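So the chains spell out like this:
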Amino acid sequence: MNLHPTTAGLLLSGVLFVLGLISILVRRNIIFMLLSVEIMLNAAGLAFVVASAHWGTADGQVMFMFILAMAAAEVSVGLALILQLYHQLKTLDSDEANKMNG
Amino acid sequence: MNTAFCIAAAIAVLSTLMVITRYNIMHALLYLVVSLLAVAVVLYMYGAPFMAALEVIVYAGAIMVLLIFFVMMLNLGKESAIQERQWLKPHIWIFPAILCLILLGELLFLVMQNRQPAAGIQVVDPKAVGMALFGPYLLAVELTGMLLMAGIVGAYHLGRQKQKTLHRFLENTDV
Chain A
1 MNLHPTTAGL LLSGVLFVLG LISILVRRNI IFMLLSVEIM LNAAGLAFVV
51 ASAHWGTADG QVMFMFILAM AAAEVSVGLA LILQLYHQLK TLDSDEANKM
101 NG
Chain B
1001 MNTAFCIAAA IAVLSTLMVI TRYNIMHALL YLVVSLLAVA VVLYMYGAPF
1051 MAALEVIVYA GAIMVLLIFF VMMLNLGKES AIQERQWLKP HIWIFPAILC
1101 LILLGELLFL VMQNRQPAAG IQVVDPKAVG MALFGPYLLA VELTGMLLMA
1151 GIVGAYHLGR QKQKTLHRFL ENTDV
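Chains as they are written, first to last, in our numbering: chain A, 1 to 102; chain B, 1001 to 1175.
No wet-lab data here; the hints were simulated from the structure. A quick note: this is a predicted structure, and the numbers were derived from the prediction, not measured.
Residues from chain B that face chain A, not an exhaustive set, calculated with beta carbons under 7 Å: (1) 1043; (2) 1128; (3) 1132; (4) 1137; (5) 1151.
Only some residues are given here: those of chain A computed to face chain B with a beta carbon under 10 Å: (6) 6; (7) 9; (8) 29; (9) 49; (10) 53; (11) 60; (12) 62; (13) 63; (14) 66; (15) 69; (16) 71; (17) 73; (18) 74; (19) 80; (20) 81; (21) 86.
Listing some non-contacts, in silico: residues in chain A with all C-beta distances to chain B over 10 Å: (22) 89; (23) 93; (24) 94; (25) 95; (26) 96; (27) 97; (28) 98; (29) 99.
Glycine included, each C-beta is placed from N, C-alpha and C at the ideal position.
Here chain A stands alone, though its shape is the one from the complex:
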């Protein structure tokens, strides 16, 4: 098996992304859905860095830093939302959140 490094890195990134996608579609616990989003963001960042290594430019790594900052902001707001959901509904099941009134 003699893959080009760029192909191998993109393959790994794709596998991780698909795993996250499957998880967000299958799981009903809302914290696991947040974790799946993290997995997918991480896989996308890995793809950016692999592309950056392929072309020898810094743009991909800059984009990875932006993804990192966005993930940090997203997880803090997401956790606050989950906290409110848990206090309102006493459960972490995302199906229970279909009755949002006010």
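Starting from the known structure of chain A, fit chain B onto it as the hints suggest.
Relative to chain A, chain B alone:
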């Protein structure tokens, strides 16, 4: 495509599979930390050591600690201590620990070897990243700062509890 990449990629995929199949959130978080560390080793191999350090510090450090504290905060009470004891049995943490040790050995091997990267990979040093970050991407850096500020304010606003106890002078008035 060398052996080191194969090992790190296998650990990343395996631990991510373990993340998405766990029922217990704490076990899933443990495996997710291992997965992020494996991705950090892969980033190191692709000529981005600064990004690997950021991955370990921000993702595996800050974000995971935030999630773990949050999960601990949600189930307070007497049964949490019993649960904790059940969660931290050796057969729970021994497998992630073994995966981490493999990753550590691999990283030490790579650092000691100090060889040229594989063909087809061009190393981008952190200086070039910094020049790009504060050159053409300066506006995006400013916007990222604003995004983080909005994240802080939004998290505070959303996570705020309704005030339950009033001051003693205000107890009789209906507020």
